[in-house]
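Colleague: Each chain is listed here by its residues.
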Amino acid sequence: MDKHQTAIEQKHNYGIYILVWLALLILTALTVTVSGINFGAITVATALVIASVKSYLVLTVFMHLRSEMRAFRLFVVVALCFIIICFVLLFADYSFLGA
Amino acid sequence: MINQEQVVEHVHKDDIGTRMGVWLFLFSELLLFGGLFLIYSVYRFTHQAEFHVAAKELNVIIGTLNTVILLTSSLTMALSITAIQRKNRNLSVFLQCITILLGIIFLVNKYFEWMTKIHHGIYPGSEALLSKGSGQILFFGLYFTMTGLHGLHVIIGTVLIAVMTRFTFNGVITSEKYVKLEAAGLYWHLVDIIWIFLFPLFYLIT
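Chains as they are written, first to last, in our numbering: chain P, 134 to 232; chain U, 46 to 251.
These aren't lab readings, by the way, just hints derived from the structure by calculation. Remember, predicted model here, so these are calculated numbers, not experimental data. Even for Gly, the Cβ is constructed at its ideal location relative to N, Cα and C.
Simulated restraints, written as ranges between beta carbons of each label pair:
#1 U:G178 - P:T193: 39 to 47 Å
#2 P:L222 - U:G178: 24 to 32 Å
#3 P:V210 - U:T251: 27 to 35 Å
#4 U:K101 - P:M202: 40 to 48 Å
#5 P:L155 - U:A94: 32 to 40 Å
#6 P:A156 - U:L83: 25 to 33 Å
#7 P:F220 - U:F157: 29 to 37 Å
Under 8 Å between C-beta atoms, here's a sample of chain U residues computed to sit facing chain P:
#8 L75
#9 L116
#10 P245
Please model the entire structure based on the sequences and the hints provided.
Modeller: What follows is the structure in structure tokens.
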């Protein structure tokens, strides 16, 4: 079991972390730039999409989800789904209630 | 007859179990902040204009700087785990110290941001704030609560990593057993992810 674990974890080297970090910095710059330009609902959606991409990068590379057992990725997906369901149901309610 | 000398001391080591436990804890943290994000999203939806006005008071430069600081601290944390995997104890300790330093700088920035607000009379319950529209009151209430709770997590994470640094230095964490460091790393990355969402939602409202 231990050898198997070590084999999985050795996949990460310094390079991939630095590359992902650079990507995260670029995405941050992108978020700030975009927020200054667009108008309306698109901006919120864009900001959230970029934030989600950044989170995806942190989750898969920094938090090792990519090299972890598949079960872990399933856990995270399920947890995220529940949170998203909370938001969807809440807004389904609020949109119909009005002010 | 079992030869007594052949009894081996069994050390319980379950790295996968440990990581699973940490992930479960992270999910509970997700719900904690998720609840606050839910509140934020509803009140932003119902007070869009006032949220926009209130958000202008926040300093985008400091916010961006703090984002870069936390992203870099996540990098150094991840690198420190690779370092100890490769038996490079000193590099790992050094990278963890950088992570702690970045965490402290984040907190110092937060402190200055908050002090500026409070100095201008904007804090939960203040007269200046209560005289504004309800949307602005909500915005700042959420701002102080969510960045405050996040800041508390940064403090906890920084202390945790400091403990791990000591462990790495005196050999409790080694290239064979470093799951403690991974656990602290996972917590720290979650703190980073929460800020990744906090930043655009509070600082970049157009």
